[in-house]
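Protein chains: 2
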Amino acid sequence: MDAAEFRKRGKEMVDYVADYLEKIEKRQVFPDVEPGYLRPLIADSAPQDPESFEDVFKDIEKIIMPGVTHWHSPYFFAYFPAASSFPALLADMLCGGIGCVGFSWAASPACTELETVMLDWLGKMVNLPEEFLAGKHGQGGGVIQGSASEATLIALLAARTKTIRWVQSENPELTEAEIMGRLVAYASDQAHSSVERAALIGAVKIKSVPSDDTFSVCGSALKKVLDEDKAAGLIPFFFCATLGTTPCCSFDKLLELGNIWMHIDAAYAGSAFICPEFRHLLNGVEFADSFNFNPHKWLLVNFDCSAMWVKKRSDLIGAFKLEPLYLQHHHQESGLVTDYRHWQIPLGRRFRSLKLWFVLRLYGVRGLQEHIRKHVRLSHQFEHLVLQDERFEVCAEVVLGLVCFRLKGSNELNEALLKSINDAKKIHLVPCHLREKFVLRFAICSRTVESTHIKFAWQHISQLATDLLKTWEQNHHQQ
Amino acid sequence: MDAAEFRKRGKEMVDYVADYLEKIEKRQVFPDVEPGYLRPLIADSAPQDPESFEDVFKDIEKIIMPGVTHWHSPYFFAYFPAASSFPALLADMLCGGIGCVGFSWAASPACTELETVMLDWLGKMVNLPEEFLAGKHGQGGGVIQGSASEATLIALLAARTKTIRWVQSENPELTEAEIMGRLVAYASDQAHSSVERAALIGAVKIKSVPSDDTFSVCGSALKKVLDEDKAAGLIPFFFCATLGTTPCCSFDKLLELGNIWMHIDAAYAGSAFICPEFRHLLNGVEFADSFNFNPHKWLLVNFDCSAMWVKKRSDLIGAFKLEPLYLQHHHQESGLVTDYRHWQIPLGRRFRSLKLWFVLRLYGVRGLQEHIRKHVRLSHQFEHLVLQDERFEVCAEVVLGLVCFRLKGSNELNEALLKSINDAKKIHLVPCHLREKFVLRFAICSRTVESTHIKFAWQHISQLATDLLKTWEQNHHQQ
Ligand SMILES: Cc1ncc(COP(=O)(O)O)c(C=O)c1O
Ligand SMILES: Cc1ncc(COP(=O)(O)O)c(C=O)c1O
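Top to bottom, those sequences are chains C and Y. So in the numbering used here, the last one in the first sequence is 479, and the numbering has no gaps at all. So in the numbering used here, the last one in the second sequence is 479, and the numbering has no gaps at all.
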């Protein structure tokens, strides 16, 4: 395929994507396919000779679409949102076209420098303390990670290295393995599974801190665990606070922890802090060493774009700096440049800051605030609908765009309700556990979801509940 | 921006990308900017109100392009190639448009299933043993990682878990920390820095195995180190063999290691194995536990797409499986589905297999073989030009698309030559060390590079060498 054909096919693809997103509402949000559906539809091996673009293009609707879960359908209320917007799609086209690999400043200066400045823009938008910004001469700064999981892992690893060095300088007789064996990381019992995974990867112990009635870790609960562990000779070194937990969007209390690295995982909720009315939820961020949220969740920047800031970039860089000659360049010792490969797990990196640049400029802060506020408004709309129905309860405070709810009744009943909702495939939800309770999560996801979709969703759920309760009671009576 | 405007702007962007790639030759391959160039060109913070697309679009040439290193210029001979092709760009547009997040089968069945089948296609193309393929009922299978660094890390972590479990089952008295303290990973002294980094992250010792005169690790050198370490009570658990080392594209010997996990990092060279004439370099792959190469380097699939296979997928999955309710789904216990989140560091993942599907079908195996063969031909052309000039030497066997060469003379002289090449900015190269020698690496990179570019590059280098040697000798005489 040459440039001329790309011009033609590229424009067809633009129209296909525009059509897909414009009419996504008409597609069934969750696919009908069974595991293994795709293999029989496809050749056993790659063709020897080129196929035509027409043939490949036709197969999108024939082979791919029947197996797609439509994350951008206004009937999708599962997980958390995956961001999508036209400006981000345009920027990603440009990113692909330039196709540079930005592991060091020299590998593409624009790729590195735009990222640093965009993370300053974004940091200011959520009102992060100055120390997290790169500014002209700051010690902090931001980086785009591929995912919140990676941000948590990088923070934990940097904290591990820093603590080992510090403990060893105080106790030269201890080996690294001995220190490692005593390190403990902490996170709420509501924290995302990626935090436990980071500890597994980093080969350190991790302990759950019990959350309170509002599913938040409060200072006293954390201090209690820390004090006990210190008394037992362990070395607490890392606390991952969650702002906006995955099950129910609760908020841990942030507090000063002294020698313990505090990382804030605000993967979902962080985007809301661009609205002043939600910023109180970020109180205490000044005590954190690192902070992360996902514009690829809720800030209209397509996956992947996870924004992370540290107060001291030397903590990240110092943890894993390796400098083979083929990656060195002329400017790196000047102290002026950032080589982002030291800030992340992979070596290579795409020009992802273009997406931020396009989205921030083409929406403006105001446009993005409107997006957040609309979602929060819609979640309260759903909350009110639930609260008006006596059969249901809301299971956690609705702060942002997530409503946790259930039928008053057994877990089995709620499992059956969720099954009937997801089997009907008119909308899509996922559940969670809050303590022992099986709970349905209703997350406002799509950029284009409106009040009418919320009403439809609620009427549909309510009707399914009515149907279910009828048979449920009959079965119950029969038994 | 609505769908109608996206149609318009998207088509403009397609043309911009086509123009950029068609005329890339006219751009200076390496930028003139100094560190910090970008910040003064850009506002201090994000705009409150939306800007126009025209304004953003204009800034691409004004702000971004002056700072871009043009990886796809036919005058770019640095690092290793970064793949780029029109079919991959089209697929990435589709990937962005669908915008699904494929962490589990249910999160988008097509995203998971196409990946499994594409990795089977690709595995067959490079003639991997059947055991690495998922097939219909296999125990193995492939996954797309973001980078070779992540593939190495994941393999090392899986090996670590497997070894700890196995040692503990034989020696229940040993703690995990004690076992960890005795684990050792190995790689060639020519291995990529990502291998050492993986060991740092995984908190295990790593040792360099000395490579031989051809910069390859041979079986006897490896066995010697392993035997010594075993005798000293250490537990060798992981060997990362490199096929196509970064400095000079040398090939380690693959051999059966018993209880030690062998991972093969063929990040660059792996793509060449689609050509039967290079497949002997893969002899011994049957002894490996995991194998990885980067279609995003040399197989015309835009970054990121790093293909990894394991013989036993349970080894990967078993290492870090965590199952919160909000990520569970109905089919997962059926044994029929793959949840790729267990195979990788991040949770979220894009629909990257679309790029493979488009590229493999629109080029066909033959088209891709032509691409590889052209690059290898061009590197031999360059090698011959170097060999005809008595002032120069070729420093390692030219097997694929990389030529390591230098002026016969001191390291300082060669550093000066490289500096004059890169300062002239007509072509771009990076150096490496081979033993104590400072060496220039000439890597065939661009999809569109032709014989004329090679001739030009050589004449240019040769002229700069002449100029340099003149002043160098004068300075030398004066001293
Ligand atoms: C609180 C929280 N942390 C981390 C993650 C993981 O995000 P990622 O997919 O970017 O790793 C999620 C995903 O939903 C989350 O809700
Ligand atoms: C042999 C080898 N391994 C690993 C890598 C790292 O690749 P990635 O950027 O995909 O992590 C490279 C990069 O050049 C390489 O040459």
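These aren't lab readings, by the way, just hints derived from the structure by calculation. A couple of the hints might just be wrong.
Some but not every residue of chain Y turned toward chain C, in silico, with C-beta under 8 Å [as the list claims (entries may be wrong)]:
| no. | residue |
| --- | --- |
| 1 | 64 |
| 2 | 150 |
| 3 | 302 |
| 4 | 346 |
| 5 | 472 |
| 6 | 474 |
DSBU-like cross-link-like pairs, simulated, lysine-lysine; straight-line CA separation at most 35 Å [what the hints assert, rightly or not]:
| no. | chain 1 | residue 1 | chain 2 | residue 2 |
| --- | --- | --- | --- | --- |
| 7 | C | 62 | C | 455 |
| 8 | C | 207 | C | 124 |
| 9 | C | 437 | C | 230 |
| 10 | Y | 230 | C | 11 |
| 11 | Y | 23 | Y | 62 |
| 12 | C | 374 | Y | 124 |
| 13 | C | 207 | Y | 205 |
| 14 | Y | 223 | Y | 207 |
| 15 | Y | 470 | Y | 425 |
| 16 | Y | 470 | Y | 62 |
| 17 | Y | 8 | C | 62 |
| 18 | C | 11 | Y | 62 |
| 19 | C | 124 | Y | 11 |
| 20 | Y | 455 | C | 136 |
| 21 | Y | 124 | Y | 8 |
| 22 | Y | 124 | C | 26 |
| 23 | Y | 8 | C | 425 |
| 24 | Y | 253 | Y | 224 |
| 25 | Y | 470 | Y | 455 |
| 26 | Y | 23 | C | 58 |
| 27 | C | 205 | Y | 207 |
| 28 | Y | 230 | C | 205 |
| 29 | C | 8 | Y | 23 |
| 30 | Y | 224 | C | 8 |
| 31 | C | 11 | Y | 470 |
| 32 | C | 207 | C | 437 |
| 33 | Y | 312 | C | 207 |
| 34 | C | 136 | Y | 419 |
| 35 | Y | 230 | C | 136 |
Predicted model, so just to flag it, every value in this text is computed and none were measured. Every residue, glycine too, gets a C-beta built ideally from N, C-alpha and C.
For each hint, the structure was consulted:
1. Taking 8 Å as the C-beta cut-off, the interface hint given for residue 64 of chain Y holds, the closest approach to chain C being about 5 Å.
2. The interface hint given for residue 150 of chain Y holds, since its Cβ lies 6 Å from the closest Cβ of chain C, which is under the 8 Å cut-off.
3. Taking 8 Å as the C-beta contact cut-off toward chain C, the hint placing residue 302 of chain Y at the interface holds, the least distance being around 6 Å.
4. Satisfaction of the interface hint for residue 346 of chain Y is found here, the shortest Cβ-Cβ separation to chain C being roughly 4 Å, below the 8 Å cut-off.
5. Interface hint at residue 472 of chain Y: violated, since its Cβ lies 20 Å from the closest Cβ of chain C, which is beyond the 8 Å cut-off.
6. For residue 474 of chain Y, the shortest C-beta to C-beta distance to chain C is roughly 25 Å, which exceeds 8 Å, and the interface hint is violated.
7. Between residue 62 of chain C and residue 455 of chain C the alpha-carbon distance is near 32 Å, which keeps this suggested pair within the 35 Å criterion.
8. Of the pairs offered as hints, the one joining residue 207 of chain C and residue 124 of chain C holds, with about 33 Å between alpha carbons and a cut-off of 35 Å not exceeded.
9. Simply put, residue 437 of chain C and residue 230 of chain C have alpha-carbon atoms about 33 Å apart, close enough for the 35 Å limit, and the pair holds.
10. A C-alpha spacing of about 61 Å is found between residue 230 of chain Y and residue 11 of chain C, which places the hinted pair above 35 Å, so the restraint is violated.
11. The hinted pair formed by residue 23 of chain Y and residue 62 of chain Y meets the criterion: a straight-line CA distance of about 17 Å does not exceed 35 Å.
12. Restraint check for residue 374 of chain C and residue 124 of chain Y: the C-alpha separation of about 50 Å exceeds 35 Å, so the hint is violated.
13. At most 35 Å may separate the alpha-carbon atoms for a hinted pair to count; residue 207 of chain C and residue 205 of chain Y meet this at roughly 26 Å.
14. Distance restraint check for residue 223 of chain Y and residue 207 of chain Y: the Cα-Cα separation of roughly 13 Å lies within the 35 Å cut-off, and the hinted pair is therefore satisfied.
15. This hinted pair checks out: residue 470 of chain Y and residue 425 of chain Y have alpha carbons roughly 21 Å apart, not beyond 35 Å.
16. Simply put, residue 470 of chain Y and residue 62 of chain Y have alpha-carbon atoms about 40 Å apart, too far for the 35 Å limit, and the pair is violated.
17. Only pairs whose Cα atoms come within 35 Å are accepted, and residue 8 of chain Y paired with residue 62 of chain C is accepted, the gap being roughly 27 Å.
18. With a C-alpha separation of about 25 Å, the suggested pairing of residue 11 of chain C with residue 62 of chain Y holds against the 35 Å cut-off.
19. Taking the CA atoms of residue 124 of chain C and residue 11 of chain Y, the gap is near 33 Å; set against the 35 Å cutoff, the hint holds.
20. In summary, the hint linking residue 455 of chain Y to residue 136 of chain C is not supported, as the alpha carbons are separated by about 44 Å, beyond the 35 Å threshold.
21. Distance check on the hinted pair: residue 124 of chain Y and residue 8 of chain Y sit about 41 Å apart at the alpha-carbon level, beyond 35 Å; violated.
22. In summary, the hint linking residue 124 of chain Y to residue 26 of chain C is not supported, as the alpha carbons are separated by about 39 Å, beyond the 35 Å threshold.
23. In summary, the hint linking residue 8 of chain Y to residue 425 of chain C is supported, as the alpha carbons are separated by about 34 Å, within the 35 Å threshold.
24. Between residue 253 of chain Y and residue 224 of chain Y the CA atoms are separated by roughly 14 Å; this keeps the pair inside 35 Å, and the hint holds.
25. Between the alpha carbons of residue 470 of chain Y and residue 455 of chain Y the distance comes to roughly 23 Å, so the proposed pair stays at or under 35 Å and holds.
26. Restraint check: the Cα-Cα separation between residue 23 of chain Y and residue 58 of chain C comes to about 31 Å, which is no more than 35 Å; the hinted pair holds.
27. At roughly 26 Å between alpha-carbon atoms, residue 205 of chain C and residue 207 of chain Y fall within 35 Å of each other, so this suggested pair holds.
28. In summary, the hint linking residue 230 of chain Y to residue 205 of chain C is supported, as the alpha carbons are separated by about 28 Å, within the 35 Å threshold.
29. Distance hint between residue 8 of chain C and residue 23 of chain Y is fulfilled; the C-alpha atoms sit about 18 Å from each other, no more than 35 Å.
30. Restraint check for residue 224 of chain Y and residue 8 of chain C: the C-alpha separation of about 59 Å exceeds 35 Å, so the hint is violated.
31. A distance of roughly 54 Å separates the Cα atoms of residue 11 of chain C and residue 470 of chain Y; the hinted pair therefore is violated under the 35 Å criterion.
32. With a CA separation close to 22 Å, the supplied pair residue 207 of chain C and residue 437 of chain C stays within the 35 Å bound.
33. Of the supplied pair hints, the one linking residue 312 of chain Y and residue 207 of chain C holds, its CA atoms being roughly 31 Å apart against a limit of 35 Å.
34. This hinted pair checks out: residue 136 of chain C and residue 419 of chain Y have alpha carbons roughly 29 Å apart, not beyond 35 Å.
35. The hinted pair formed by residue 230 of chain Y and residue 136 of chain C fails the criterion: a straight-line CA distance of about 52 Å is larger than 35 Å.
Of the numbered hints given earlier, the model fails hints 5, 6, 10, 12, 16, 20, 21, 22, 30, 31 and 35; all others are met.
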